[in-house]
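Asks: Chains as they are written, first to last, in the numbering used here: chain A, 290 to 438; chain B, 14 to 85.
Hints are computed from structural coordinates only; laboratory data are not their basis.
Careful, some of the hints might be misleading.
Derived CB-CB ranges, DEER-like [claimed, not checked]:
id : chain 1 : residue 1 : chain 2 : residue 2 : range
1  : B       : LEU39     : A       : ALA406    : 47 to 55 angstroms
2  : B       : ALA62     : A       : GLU392    : 30 to 38 angstroms
3  : A       : GLU357    : B       : ALA78     : 28 to 36 angstroms
4  : A       : ALA353    : B       : LYS46     : 38 to 46 angstroms
5  : A       : ASN356    : B       : SER15     : 45 to 53 angstroms
From the structure, some residues in chain B lie toward chain A, with a derived Cβ separation under 8 angstroms [to be verified]:
id : residue
6  : ARG43
7  : VAL60
8  : ARG73
All values derive from a computational prediction rather than experimental measurement.
Cβ atoms here follow ideal geometry from the backbone N, Cα and C, with glycine treated the same way.
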Amino acid sequence: MSPAKAPLGGAMGAFALIGILVSWATCSSGCGATALDRSTTAATVAKVAIDATAGGIEVVCSEASLNEAPERLTACERAIDSHEAMRAAWAVWAAALVVAHSEEDEGAIAIALALAAPVFGLYESIADMLRSLGVDVPALPWAEAGEPS
Amino acid sequence: MSGWAQALAAAVDLVPVVSAGVTGGLSAWRDRKKSPAERLAEGPRPVGAALVAMVKERRRQRDGAAVDGAGV
Chain A
290 MSPAKAPLGG
300 AMGAFALIGI
310 LVSWATCSSG
320 CGATALDRST
330 TAATVAKVAI
340 DATAGGIEVV
350 CSEASLNEAP
360 ERLTACERAI
370 DSHEAMRAAW
380 AVWAAALVVA
390 HSEEDEGAIA
400 IALALAAPVF
410 GLYESIADML
420 RSLGVDVPAL
430 PWAEAGEPS
Chain B
14 MSGWAQALAA
24 AVDLVPVVSA
34 GVTGGLSAWR
44 DRKKSPAERL
54 AEGPRPVGAA
64 LVAMVKERRR
74 QRDGAAVDGA
84 GV
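Kindly generate the complete structure, drawing on both the sequences and the hints.
Replies: What follows is the structure, given as structure tokens:
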């Protein structure tokens, strides 16, 4: 394995670990609850995954990594932009969940559940970029948590 | 570099990733009894500002080189 590949190989294990953590945390505190409770749990766990993707981007797009593989620059730019968009989408989702919990209105709950989709979509776009660089990022095990039951 | 040295270097690189996963997971577990507003009060962290600045600077240099190469 070349020096450039070593961090990527290690990142595969780290993302797998995060995937396990995500599924464990989701099921331990959210299984059997209402759709709104599951979506709230998914949002708290999504925060962990988004933090971890920031760490993954910092590893894959580090200065040393870009020195060895300058062709990664475009993919890194896209990943950083998508990560920022994902943080913004998460903030809207979280705000809608808080409103839905306090109002307990069916319309507010439906909106809050629907707002999970953009976050999942942006996560997948970052995961695809990291996969194109040789990092095996797991698919979201909790994507269905945002859907109404 | 030997295999062990590469593995060690990879492990050191991954400290921030694993740290985020572990501390975030523990935090989510600890906060599970809190209200939704409390659990969702703090958003995810951004990508490091130094890395973002470095990528933007490289992009500026790359675009500048492309313009120079085109003779503009």
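Asks: The structure should be examined with respect to each hint, and the outcome stated for every one.
Replies: Against the structure, the hints come out as follows:
no.	hint	in the structure
1	LEU39/B with ALA406/A: 47 to 55 angstroms	violated (28 angstroms)
2	ALA62/B with GLU392/A: 30 to 38 angstroms	holds (37 angstroms)
3	GLU357/A with ALA78/B: 28 to 36 angstroms	violated (19 angstroms)
4	ALA353/A with LYS46/B: 38 to 46 angstroms	holds (43 angstroms)
5	ASN356/A with SER15/B: 45 to 53 angstroms	violated (22 angstroms)
6	ARG43	violated (10 angstroms)
7	VAL60	holds (5 angstroms)
8	ARG73	violated (11 angstroms)
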